[in-house]
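Visitor: These are the residues of each chain, in order.
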Amino acid sequence: MPVRYPRIRRRLKQLGIRLNERSGKGSHVVVDDGKGHVYTLPLHHGQQTELSDTYVRALCRALEIDYQTFKDGL
Amino acid sequence: MSTAVEVTVEFPLRIVIYPAPDLKGQWIAHGLETDIVTQGDSPEHAIEMMGDAMKTLIDYSSRRHLTGRQGLPFVLRPAPREVWDLIGESVPSGLIARATIARASIKGGPSAWPLYSFVSDKPPAFANAG
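Line by line, the protein sequences give chains D and G.
According to the numbering used here, the stretch in the first sequence is residues 19 to 92, in order.
According to the numbering used here, the stretch in the second sequence is residues 122 to 251, in order.
In case anyone wonders, no lab produced these hints; they're calculated from the structure.
Positions of the beta carbon are idealized from the N, C-alpha and C atoms, including for glycine.
Hints are supplied without guarantee of correctness; some may be wrong.
As the list claims (entries may be wrong) - Computed, partial: chain D to chain G, Cβ under 7 Å:
id	residue
1	Leu-30
2	Pro-60
3	Ala-76
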């Protein structure tokens, strides 16, 4: 199931993971957990961006967090 | 008498474009060597988005001197096998996007990484599973 950006942002903040929303001039923001894991998040439709489950799984792999735990907290 | 020769081999990072299994009208761009995933409104837009994702990541990491154990401003981490499997049936769409470092702060490192894309009309097998 796809997830809208604000829910992802809220969940990441719950986990203490920062979103650098002013990091780029393009269509992505940077997700940085402060532990050496840095990833990008597409925001091509702004706050209304819907993110595919394929993206969410890749995000979890990059941040080395459990996908199911992440999804359960959304 | 021997002669030392320094050889630098550069290769493009490959990306596979496929339709998002759960979002109509959205296309996924998936980095094979990086496992970086982004989305776009068309295959062409998804390729553009991958260029933007790489540029954003490289710029962010370079400014903070964040280089992984591979000495790059991003991590080389293979995508899941199901994504690699798509290459055999995909259409190479050529060298289209290029990610470039905005502030060259990685001594001796390359300043740009070309992206080579393949377009598949179906998603990886894992995407259909639940």
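Visitor: Grab the minimum C-beta distance from Ala-76/D to chain G and call the hint holds if it beats 7 Å, violated otherwise.
Guide: holds, 4 Å
Visitor: Given Pro-60/D as an interface hint, is its Cβ closer than 7 Å to any Cβ of chain G?
Guide: holds, 5 Å
Visitor: Less than 7 Å between beta-carbons is the criterion; does Leu-30/D satisfy it with respect to chain G?
Guide: The hint is violated - Leu-30/D has no Cβ within 7 Å of chain G, the shortest such distance being about 16 Å.
Hint 1 from the earlier list is the only one contradicted by this structure; the remaining hints agree with it.
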